[in-house]
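Enquirer: Sequence:
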Amino acid sequence: MAYLALGRTEEAKAASLRHTNEEDRLLFHRMTLAAAKGDAVEARGLRDRILQQFGTELSRISQHAVLGEQSQANQLAAEWDARPLGFLELLDQIGSCYCGAPFDLEVAPNFARLIDEANLPWPPPSPINWPLKNW
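Residues in the sequence shown are numbered consecutively from 1, following the working numbering.
Source of the hints: derived by calculation from the structure; they are not laboratory data.
Quick reminder that beta carbons are idealized off the backbone N, C-alpha and C, glycines included.
A couple of the hints might just be wrong.
FRET-style restraints, in silico, Cβ to Cβ [said to hold, decoys possible]:
| no. | residue 1 | residue 2 | range |
| --- | --- | --- | --- |
| 1 | A40 | L17 | 15 to 25 Å |
| 2 | L17 | A82 | 35 to 45 Å |
| 3 | E79 | G7 | 28 to 38 Å |
Whole structure, please, built from the sequences with the hints as guidance.
Expert: Have a look at this one:
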């Protein structure tokens, strides 16, 4: 992610290949690199392949966000917000996305209340430019 924040996608790819052996993680890294390059067709194709091969539990708000899929990210955020301790899952997605706000705060009223009570800034900073994410 540090290489992506610096716009150094080839070095990010090389680091991924050096440090990852599992096929699901390699596909995930390839999807992330394609999203960072703004290649929606490749990124979404890889995401679909991940879901097909490894199941829907790998579907995350942060993935939808970097792929520019705002409505899907918002739908998951609303579902997670309604769960007991769902705010922890939402917080984790913010930390793993590096994309600012991976969902619209209005769709997660329980989480929004906690953000307001803690006087935390929204949206969080976005250290990586994700070309497919336009919100």
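Enquirer: Each hint should be assessed against the structure and marked as holding or not.
Expert: Going down the list of hints, with the structure as the test:
A hinted range of 15 to 25 Å holds for the C-beta pair A40 and L17, which are about 23 Å apart. Checking the proposed 35 to 45 Å range against L17 and A82 shows it holds: the Cβ atoms sit about 39 Å from each other. Against the hinted window of 28 to 38 Å, the Cβ-Cβ separation of E79 and G7 comes to about 33 Å, which satisfies the hint.
The structure meets every hint from the earlier list without exception.
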